[in-house]
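Chains as they are written, first to last, in the working numbering: chain A, 1 to 329; chain B, 1001 to 1302; chain C, 2001 to 2337.
Possibly wrong hints are sitting among the right ones.
Mimicking DSSO-like on lysine-lysine, the simulated pairs with C-alpha atoms at most 27 Å apart in a straight line are [to be verified]:
hint	chain 1	residue 1	chain 2	residue 2
1	C	K2237	A	K21
2	A	K94	C	K2245
3	C	K2052	A	K153
By construction, these hints were calculated from the structure, which means they are not laboratory data.
Next come the chains, spelled out residue by residue.
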Amino acid sequence: MSKEKSLLDIRNLKTYFYTYKGVVKALEGLNLRIGANELLGLVGETGCGKTVTGLSILRLIDSPGKIIGGEIVFGGEDLLKLSENEMSERIRGKMISMIFQEPRSSLNPTYTVGSQISEAIRLHQRVNKREAFERSISILRQTGMPDPERIVKEYPHELSGGMAQRAMIAMALSCDPELLIADEPTSSLDVTIEAQILELIKDLISKFRASVLLITHDLGIVAETCDKVAVMYAGNGIEYGDVRDIFKRHKHPYTEGLLKSVPKLKMRGELYTIEGTVPNLITPPTGCRFHPRCPEARKKCSELKPPDFEVEPGHSVSCFLYLDQEKRE
Amino acid sequence: MVVGKGKSFLKWLSRWKTEHEAMLDDFKYSLHLLRRSPLSMVGLILISAFVLIAILAPLLTKYDPIEQDLPSRLQPPCWDNPFGRDQLGRDILSRVIYGSRISLRIGITVIAISATTGTVLGVVAGYLGGIIEEIVMRITDMFLAFPSLILAMAISAALGRSLENTVIAIGIVSWPRYARLARGLTLSVKEEQFVEAVRSLGASRKRIIFSHILPQCLPTIIIQATLSMGGIILTAAGLGFIGFGAEPPLPEWGVMISDGRNFIMREWWVSTFPGIAMLFNVLGFNLLGDGLRDVLDPRLRR
Amino acid sequence: MNFRAFVLRRLMLMLIVLFGVVTITFVISHIIPADPIGAILGPRAPDELIEKLRHEWGLDRPLHEQFINYVWNLLHGDLGKSIRTNRPIIRDLMERFPDTIELSTASMIIAVCFGIPLGIVSACRKDKIPDHVSRVFSLFGISLPVFWSGLILLMIFYYRLNWLPSPGPYSTYLRPPPVVTGFISIDSLVAGDVGLFIDHLRHMILPAFVLGFSSMASIARMTRSSMLEVLRQDYIKAARSKGLKERAVVFNHALRNAMIPTVTIIGLNYGSLLEGAVLTETIFAWPGIGSYITGAILYLDFQAVMSTTLLIAFTYSLCNLIVDILYAFLDPRIKYG
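Okay, chain A solo, but in the shape it has when bound:
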């Protein structure tokens, strides 16, 4: 087991949604670790629970959803045990910030960009309006925003997608958080802008000495930007490791399938798809949730949920195939 002290340690997180059609078990015992000054990519298909994870960390899950179990240990305390007030005052925006997928709809259309950034600053720092305003301009400048003095007086709809995302990033980093949760920050942007924003994120977290939880479905982004990767499937983390571990020495059959599905330039013939479909989270499969689609499935897989096995230092898999491997160590 990694002996490094982690910044954020999620243990056995369970988040359910109580809907008309039944209880959606979005997160079923998720385990995740983020270290200090680390860029962790959280990948998975749509609906696997990545966004729910991000929202759960900040406890922004709205009804009918509810976090019903587990621990989220951050800076030595369990975030799930804090009161709502403590979350607002000490954690949100201050220790942990979040940026969202659609930057322009994540900014209030009736306030200028500057006032929204200033608001974030004044929430957690004792500064007056003017100072907050100055700081907003300065942090916008740090995100590479051209002409920040003008932008600060504009409304969100007047900004392009890329600029709006820079503004969001500025807002999120304005109080120097230790962890930034980025939920698909570039999915709604053009490819060229995407590259810029990712560069910016990498740049800023080294400047600010923060960590990033980058939630995405795009393996390309993960390969280019992240230090570590956690792969999610149907509410569980099924593989975790270094970027190189995951891309070159992946172990889980799902990770294998995921990487194989990415079309490559020199490919011929049919595109590869993983057989079967994403499971229904109201009545998920028993045991390992991937077993119905897994080419290596055995009897045990449908009976028990596999725990995490560390196959290499810092590289763990949640699959019974590696039960023996760990035993050997």
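The hints should help you fit chains B and C onto chain A, whose structure is shown.
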């Protein structure tokens, strides 16, 4: 032979069900949501009660609603006349019950006329676009520039007092809303893929409008009709109160309330009971309409 | 399109609509009644008198000529003469209009002051007891026939309980103030007659409340649905993620956005307040255009009915224009679009 026909019907039914599975699923979900909303259920109960009372009126009343009994005028509520008697000695309970028939008739007729004309005009305007659309929309604007009661009043004043004229007046006032709604719906349906598909197959404009676009608009139009029923009853009663609406001795609620306004201080029952009946009536429609609107709002459904 | 262009375009639209309104009123008053003169003079008028009046009033002229005459007169402020009061209608209306405006404005103030908070509470406590109570309350409000509630409340609060004064704009033993603006409240203050002012307000309580009640319900509902819509948006989540407490989220972020559509409802409600005025002014013996038009109807004063209808339609259109412009002004997406 009957058994044979029955069997093929069942086969057709099960095929239809699988083809329209998505639609049926949607419908079942809607019903579930509706059932879960207690207020809508109350509304449904109120409306059903109203309709039942209207239909069964003769069975429920002992007294004739238009028969006068001057010696017993303005009698307070008693065992025999639970709602008392009005200034001409008529039993108010029977008048209130028969009044529900009048309200129901007015409502249904108005909706029938205005919804059909308005919707057709709106769909045609929306589909054809261009100058026709502009003209139709400007005309609806002009009608909508009048508060509905005021316009209905002016038209009634011009036409003269009668139940038919009331229906015409309210009908003229109501159609613009349906036209606007239908046009808006048509604009969004027009853009959908299947319309292009049908056009590329060579369907005539008339066919597209009536067989394809119109059915898509129907659910929303029906909701709008339910929602507007309450308003129609209120407007009709308002007209009755001012001096239009049904001509005496028809027991229209608005007219009854107006009849009692000079006695309101002492013989309060003359105006009070028709008003209570109307209140619950309109409330029922509004409750159900609200519930329906919540149920069908795509953003509130999960 | 920038703001100024928007305003201009909207104004043009209003002018077209107003022209249509005039046309519709013309159609109603000249084409629909089988015999307007007969309607005015009654069934027993001698034929020569009818013919004479018909000629005098230009009713034997071709329609388009009549129409042009009509519009021409309107533009010169000639709304015809009232058979009942025997005065130019425009004078009658000018005298009475301020009273209706006063009542409507008071009603609107009540409606907004109670309706908006009710809607906010309802949205923030969705599906809990306060929400259910306020929804039922609102539904009652919009289902109540305003003329009926006026009668009942008058009976209860004036006749039975004697808490509120008798119908009328002020007590009968008091003198009206000298006319400055036509608004009794303003004029009484200008004249320094505070007693009259307070008395007038007391007389306004019941009618304003009765009229305002259904608007209150409608505004509460709109505020609620608007707030719910806004609270679902991404930027609300983002605001919370910044560390904003729920109260600040609701009042600083949600409300600002939710108020924009609510403003339109307030405008539409002004129209229903005018309708309500027509229905309730006679009950409360309020000398506004509502009681004027109902009196005119009973008297078959056709001209007065049509001219008052025209005035009401114009007021309503103006109200909608103001609301539309306000809406565009408040939403930065339109203002700086």
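* Take the C-alpha atoms of K2052/C and K153/A, compute the straight-line distance between them, and say whether it is at most 27 Å. => Violated, because 71 Å separates the two Cα atoms, which is more than 27 Å.
* **Distance restraint between K2237/C and K21/A, which requires alpha-carbon spacing of 27 Å or less** => 25 Å, holds
* Asked: Holds or violated: K94/A with K2245/C, Cα cutoff 27 Å?
  -> Holds - the C-alpha atoms of K2245/C and K94/A are around 13 Å apart, at most 27 Å.
In summary, the one numbered hint that this structure violates is 3.
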